[in-house]
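Turn these sequences into a full structure, and let the hints steer you where they fit.
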Amino acid sequence: MTEKSIPTEDEITQLTGHRFPGGNYTIAHWENFLLTECTGAALLPGGRVHPIALFHLPIVGAGTSIAEMFALGRAESNLSIAIESYDWEMFAPLREEIRYKVTGGITSAQRCENAEGQVYDRIQFCFEVHAPKETLAARTTITWHFTRNML
Amino acid sequence: MSFAVGDAAPEWVMAAVSAERMRTMAAILRDPNPLHWDRNAVDSLPLGLGKRAINQGPLGLSYMINMLHAWTGPDSVRRIVMRFPQVVLDGERVVARGEITLLREDNGVPLADCRIWLEHAERGILLEGTAAVILPL
Numbered sequence: 279m280t281e282k283s284i285p286t287e288d289e290i291t292q293l294t295g296h297r298f299p300g301g302n303y304t305i306a307h308w309e310n311f312l313l314t315e316c317t318g319a320a321l322l323p324g325g326r327v328h329p330i331a332l333f334h335l336p337i338v339g340a341g342t343s344i345a346e347m348f349a350l351g352r353a354e355s356n357l358s359i360a361i362e363s364y365d366w367e368m369f370a371p372l373r374e375e376i377r378y379k380v381t382g383g384i385t386s387a388q389r390c391e392n393a394e395g396q397v398y399d400r401i402q403f404c405f406e407v408h409a410p411k412e413t414l415a416a417r418t419t420i421t422w423h424f425t426r427n428m429l
Numbered sequence: 008m009s010f011a012v013g014d015a016a017p018e019w020v021m022a023a024v025s026a027e028r029m030r031t032m033a034a035i036l037r038d039p040n041p042l043h044w045d046r047n048a049v050d051s052l053p054l055g056l057g058k059r060a061i062n063q064g065p066l067g068l069s070y071m072i073n074m075l076h077a078w079t080g081p082d083s084v085r086r087i088v089m090r091f092p093q094v095v096l097d098g099e100r101v102v103a104r105g106e107i108t109l110l111r112e113d114n115g116v117p118l119a120d121c122r123i124w125l126e127h128a129e130r131g132i133l134l135e136g137t138a139a140v141i142l143p144l
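The listed protein sequences correspond, in order, to chains A and B. Quick note on our numbering: the first sequence kicks off at 279 and runs consecutively. Quick note on our numbering: the second sequence kicks off at 8 and runs consecutively.
In short, the hints are calculated from the structure, not lab data. No false leads were slipped in.
Estimated spans, in silico, between C-beta atoms of each pair:
id	chain 1	residue 1	chain 2	residue 2	range
1	B	Arg37	A	Glu289	24 to 30 Å
2	B	Ala22	A	Met428	31 to 37 Å
3	A	Trp308	B	Ser9	38 to 44 Å
Because the structure is a prediction, the values reported are computed rather than measured. Here a beta-carbon is modelled for each residue, glycine too, at the ideal position from N, C-alpha and C.
Okay, here's the thing in structure tokens:
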């Protein structure tokens with residue numbers, strides 16, 4: 279297998295503090311309908327959005343994308359990302375057709391080594407979702423491992 | 008309705024994880040990872056998974072949320088933390104389960120901390136984590 283070049287440890291740690299542009303996101307009814315159907319559940323009552331939206335709403339609302347997050351961590355390929363954890367805090371139910379304000383960035387980026395001595399980079403992204411009047415509706419933390427030369 | 012430490016949440020069953028739903032999710036999420044929509048990409052990895060798409064992490068997590076919603080109501084989930092020790096594959100039957108580990112109050116709101124997990128009959132625990140839910144009065 280050809281060894282791929284990997285970013286330096288400094289290049290990774292310097293990602294800490296990176297901020298996304300921020301922005302807004304509104305979940306339309308059609309989007310909530312399709313998302314909820316994917317989970318196997320019935321649509322929630324009263325225009326509530328299924329919390330599964332807490333994956334892409336913060337990412338897109340903050341003005342970034344899964345592809346850009348992969349690129350920031352210099353992912354070797356789309357196949358080289360492993361999930362460590364998702365942490366979703368919900369302070370108020372999300373609702374359809376409400377314009378949420380989203381901020382987010384990278385809160386931690388570090389080089390690590392697993393038990394087999396293989397290097398990977400652990401990058402943590404954190405987003406906050408505000409309802410109108412600046413009420414904090416949700417906070418999400420995504421922690422991914424950017425594996426290096428493991429595939 | 009009364010609750011006690013050790014009480015189990017009613018299980019929630021996904022009878023067959025659907026590759027079609029993964030594709031819908033990938034489109035909505037604009038997720039470029041082919042593991043969720045190209046079975047050949049999964050087959051090409053040195054993981055021995057064969058030609059089966061890998062379920063998106065948030066979809067597996069959503070099965071836990073469905074279990075909690077069915078148990079304590081659609082506004083009950085305060086926090087969910089999920090880890091992903093094994094992948095979930097298309098076609099698999101998986102069961103979301105949970106149990107109360109602590110009962111507490113936050114500003115007068117009754118909460119239950121729970122251990123939650125997603126189980127496969129042969130492969131064991133695929134996802135695991137914790138949740139905090141508001142208890143119905």
